[in-house]
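Student: Chain residues, written in single-letter form:
Protein chains: 2
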Amino acid sequence: MAKPKKQPRPKAETPKGFRDYFGAEVSQRAAMLRQIAGVYHRYGFDALESSAVETVEALGKFLPDVDRPNEGVFAWQEADESGNGDWLALRYDLTAPLARVYAQHRNDLPTPYRRYAMGPVWRNEKPGPGRFRQFYQCDADTVGAPSVAADAEICAMLADCLEEVGIPRGDYIVRINNRKVLNGVLEATGLSDTAQRDAVLRTIDKFDKVGEAGVRELLGKGRLDASGAYIDGVGLSDEQAAPVLAFLTSKGADTTATLGNLRGAIGGSDIGASGVDELEVIADLLAAQGYGPDRIVIDPSVVRGLGYYTGPVFEAELTFEILDEKGHKRQFGSVAGGGRYDDLVKRFTGQEVPATGVSIGVDRLLAALHAKGRLDGKAEGPVVVTVMDRERMADYQAMVGELRAAGIRAEVYLGNPKNFGNQLKYADKRNSPVAVIEGGDEKAKGVVQIKDLILGAQIAENATLEEWKERPSQFEVPRAELVEKVREILGGQG
Amino acid sequence: MAKPKKQPRPKAETPKGFRDYFGAEVSQRAAMLRQIAGVYHRYGFDALESSAVETVEALGKFLPDVDRPNEGVFAWQEADESGNGDWLALRYDLTAPLARVYAQHRNDLPTPYRRYAMGPVWRNEKPGPGRFRQFYQCDADTVGAPSVAADAEICAMLADCLEEVGIPRGDYIVRINNRKVLNGVLEATGLSDTAQRDAVLRTIDKFDKVGEAGVRELLGKGRLDASGAYIDGVGLSDEQAAPVLAFLTSKGADTTATLGNLRGAIGGSDIGASGVDELEVIADLLAAQGYGPDRIVIDPSVVRGLGYYTGPVFEAELTFEILDEKGHKRQFGSVAGGGRYDDLVKRFTGQEVPATGVSIGVDRLLAALHAKGRLDGKAEGPVVVTVMDRERMADYQAMVGELRAAGIRAEVYLGNPKNFGNQLKYADKRNSPVAVIEGGDEKAKGVVQIKDLILGAQIAENATLEEWKERPSQFEVPRAELVEKVREILGGQG
Chain W
1 MAKPKKQPRP KAETPKGFRD YFGAEVSQRA AMLRQIAGVY HRYGFDALES SAVETVEALG
61 KFLPDVDRPN EGVFAWQEAD ESGNGDWLAL RYDLTAPLAR VYAQHRNDLP TPYRRYAMGP
121 VWRNEKPGPG RFRQFYQCDA DTVGAPSVAA DAEICAMLAD CLEEVGIPRG DYIVRINNRK
181 VLNGVLEATG LSDTAQRDAV LRTIDKFDKV GEAGVRELLG KGRLDASGAY IDGVGLSDEQ
241 AAPVLAFLTS KGADTTATLG NLRGAIGGSD IGASGVDELE VIADLLAAQG YGPDRIVIDP
301 SVVRGLGYYT GPVFEAELTF EILDEKGHKR QFGSVAGGGR YDDLVKRFTG QEVPATGVSI
361 GVDRLLAALH AKGRLDGKAE GPVVVTVMDR ERMADYQAMV GELRAAGIRA EVYLGNPKNF
421 GNQLKYADKR NSPVAVIEGG DEKAKGVVQI KDLILGAQIA ENATLEEWKE RPSQFEVPRA
481 ELVEKVREIL GGQG
Chain X
1001 MAKPKKQPRP KAETPKGFRD YFGAEVSQRA AMLRQIAGVY HRYGFDALES SAVETVEALG
1061 KFLPDVDRPN EGVFAWQEAD ESGNGDWLAL RYDLTAPLAR VYAQHRNDLP TPYRRYAMGP
1121 VWRNEKPGPG RFRQFYQCDA DTVGAPSVAA DAEICAMLAD CLEEVGIPRG DYIVRINNRK
1181 VLNGVLEATG LSDTAQRDAV LRTIDKFDKV GEAGVRELLG KGRLDASGAY IDGVGLSDEQ
1241 AAPVLAFLTS KGADTTATLG NLRGAIGGSD IGASGVDELE VIADLLAAQG YGPDRIVIDP
1301 SVVRGLGYYT GPVFEAELTF EILDEKGHKR QFGSVAGGGR YDDLVKRFTG QEVPATGVSI
1361 GVDRLLAALH AKGRLDGKAE GPVVVTVMDR ERMADYQAMV GELRAAGIRA EVYLGNPKNF
1421 GNQLKYADKR NSPVAVIEGG DEKAKGVVQI KDLILGAQIA ENATLEEWKE RPSQFEVPRA
1481 ELVEKVREIL GGQG
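Here the protein sequences line up with chains W and X, keeping their order. So for the first sequence, our numbering puts the first residue at 1; every next one is plus one. So for the second sequence, our numbering puts the first residue at 1001; every next one is plus one.
Source of the hints: derived by calculation from the structure; they are not laboratory data. We put the beta carbon where it would ideally sit given N, CA and C, even for glycine. Mixed in with the good hints, there may be bad ones.
[What the hints assert, rightly or not] Far from chain W, some chain X residues (derived; all Cβ distances over 10 angstroms):
1. A1145
2. D1208
3. G1446
[As the list claims (entries may be wrong)] Here are a few chain W residues that sit away from chain X, every Cβ distance over 12 angstroms (derived from the structure):
4. G214
5. L224
6. E239
[What the hints assert, rightly or not] Dumping the calculated EDC-like pairs for lysine to aspartate or glutamate here, alpha-carbon to alpha-carbon at most 16 angstroms:
7. W/K378 <-> X/D1108
8. X/K1425 <-> W/D108
9. W/K429 <-> X/E1057
10. W/K16 <-> X/D1108
Here chain W stands alone, though its shape is the one from the complex (with noise of 0.2 angstroms):
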């Protein structure tokens, strides 16, 4: 008989692009998007959960990220009988499966729908440094509200989540724009070509990177880009490009400047002008809420997702320096974006449907405030019972046990209690606040010796040997006072 193949084992390793998050990481996360739910809660928004497998039909292709062009689905086909199975995917974004939902179900939900949703989406891309693969989103959408008081509301709600979760007045800048304003300044072009004006509006999208001059070449003869690569123009004449940059270049020194501006850069469009009345309702019913320029502006200058949407379209920005990778400053920049889409229904049913809403990226706002050295990256330890009997679990969970009962986070030490050095360095490990340890003395005495391990660590770091003296890191108790004790150091350390 043949010897049986020695099965290779498999690897521990997540996929290509993915990642385990640990500890404070998950918690924190969870707390953020608890934080900013309850903001859209307080607005009205009500919670939505769909699946993250959706049928490829439904889904779409809906992508607004400019920044991630090549992005793409996991996908995969049921298997059936016939081999004809649905093909079926992992949601993209949160979007598209509001879409989905709200025409199935819209005979059975209020008009305006007001939804949140919050959870990963996966991206089929390659991945990076820093870019995954499943990334957590979280939404909130208004459908069937033609108003622009929608919008106006989705920006002040933003504004609110940011402040919620930690980043103060200052530290950030929500800023608006208006495609119909766009669609003006394309009417003010004087183009009718639509492959000249789909050129138009990628280029547009350059802005971010190449600025005012780069767009002006881009638009016209071409440029020579940093890589030394000729980048071919769009051919249009300076008289041409001047509404679009000047469209771009429109933000002034207060709203009513940028407001100026824009009417001048639109000439006699309607659209456009249109475009340019709804900003003004806007800004006009943010400053009646108190929401000043400070904290949300109008901006022309914001392009992304402005081939995407159909009306005013949002970016949160935080404004503040980070280092990056290099040790070079720079802006941490964009955390949120979204705006106004009346075209997402139709697909499905025919109709246009008003909608309008917001992204978070809540990552993205945990590494910010992680930058900013707001969110710790330890988890508080659990205060750790040390086994110095093993005869005696019963004895050690008694104490665990009065400890939460207390709402004490505890736990006895459930390794191989042998080496009494592997169990301190466990509680070392769980970045644990105390130790408990109670041997056969301690037992026959009726006290347990308690070890600040804290104070220990700073003390080993700092102190003199009389404040060693005056400060020991551990104190016999009785047993009766355990609780009562070790609530005392955790208080202290607030």
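Add chain X to chain W, keeping to what the hints say.
Tutor: Chain X alone, transformed into the frame defined by chain W:
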């Protein structure tokens, strides 16, 4: 030129076996997960969130769930240039990813590693009524703890979790069995043939369905099942079958009696004796912490998962009766299960690592609380500020701003305000407690109308004319007292 083909509209449908969760369903589940996470945290467990996607290689095939024998995974092959990409799959539980995580990160993790995880898992199986292909699990596991004190702790924690989410003592029971005892019983049968031993294991799995008499027949010659088909038996003699039946029916009047019966069933088997000793230690530890057999009981009739686990096995059942779809009374049944599995990490590392854990089925727990009327299906709706004059949107927004600042959920009606009846219908559909009305007259007088919609509904249903006059459901209050008055009405509902 041929007419372009009209693209058929996509169907707005979830894939088969998936569903959407709305409003209170989402927030109640989130609240339950938070409560359970709170207990897990208090017990010293740390959060872990692995990705939904794993390589098929790492995932392996470990499903313990004997109830779902045809389960499969959703899997697909990564596209790469060579066409030989990895096979990826959605996780089918939270235990297989834990094994991969522990094997991958074991040098950085504390030992024992105590982790909890919560989130959706996916099963590619035929959907049935109430059986979905995506559902939540909520697990806690201790990896690297050989002592059965870890198992006892998991059982205590499970009882605490059930009480925390609102299952009172007396309405649940956690039952504990031990695979080692079963191994001892198999030794006592004298069977040495592996195929026959496996057949006995499979028969034991049917104990829940066919009972003692059924198992007796199936261990022996065979049995006529309900459909009239004859099921061949394992072919044991009465003497060989006796230890198995003794094992399954060994639950006595108290723990001492049960343990005594078990010692009888295992004959002279060493592994069996060590299994009974373990159960005794667990029972003693739990008793010392006050978890008596009214909450956690040694019960050898628990057979779910016995084929999968290697040591203690636990299951939590809700003991109250509910009405099933046909209106028959039945016990609600199992909501959580777990046990010790000492070989999960071995396939990655070659080393045996002891592990024990529990998985709570939150969706079933939520269903149980609904069935008992302990959870309300309706979410508390927002205060709706109606729009009487669309030019004064800023005034209405100011009102909701004040209400929200006071912590009150509120929104302006953002649909078409033309038909006032639609606005009140909307408030009704949202389950709003209060509607606010401010027309031109009210504005001029400096007042607002407040409509108590809950009182209004009660009056419409029950009240006499006298009561109706005494307790008008609509009041006029000074604009400045809006928040105070709304708060008063909301407070009165508690």
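Student: Holds or violated: is the Cβ of W/E239 farther than 12 angstroms from all Cβ atoms of chain X?
Tutor: holds (35 angstroms)
Student: Checking a non-interface call: every C-beta of chain W should be farther than 10 angstroms from the C-beta of X/A1145. Is that right?
Tutor: Incorrect as stated: the minimum Cβ-Cβ distance to chain W is 4 angstroms, not above 10 angstroms.
Student: So is W/L224 really clear of chain X, every C-beta pair being over 12 angstroms apart?
Tutor: Holds, since 31 angstroms exceeds 12 angstroms.
Student: In terms of Cβ atoms, is chain W entirely out of 10 angstroms range of X/G1446?
Tutor: holds (18 angstroms)
Student: Please verify that the nearest CB of chain X lies beyond 12 angstroms from W/G214's CB.
Tutor: Holds, because the least Cβ-Cβ distance between W/G214 and chain X comes to about 33 angstroms, which exceeds 12 angstroms.
Student: Classify the label on X/D1208 as holds or violated, using whether its beta-carbon is more than 10 angstroms from each beta-carbon of chain W.
Tutor: holds (30 angstroms)
Student: Against the 16 angstroms threshold, does the CA-CA distance of W/K16 and X/D1108 hold or violate the hint?
Tutor: This hinted pair is violated, its Cα atoms lying about 20 angstroms apart.
Student: Take the C-alpha atoms of X/K1425 and W/D108, compute the straight-line distance between them, and say whether it is at most 16 angstroms.
Tutor: Distance ~13 angstroms between X/K1425 and W/D108 Cα, so the pair holds.
Student: Need the status of pair W/K378, X/D1108: alpha-carbon distance at most 16 angstroms?
Tutor: holds (14 angstroms)
Student: When you check the alpha-carbon spacing of W/K429 and X/E1057, does it fall within 16 angstroms?
Tutor: Distance of about 31 angstroms is beyond 16 angstroms: violated.
In the structure shown, a violation is registered for the earlier hints numbered 1, 9 and 10, in ascending order.
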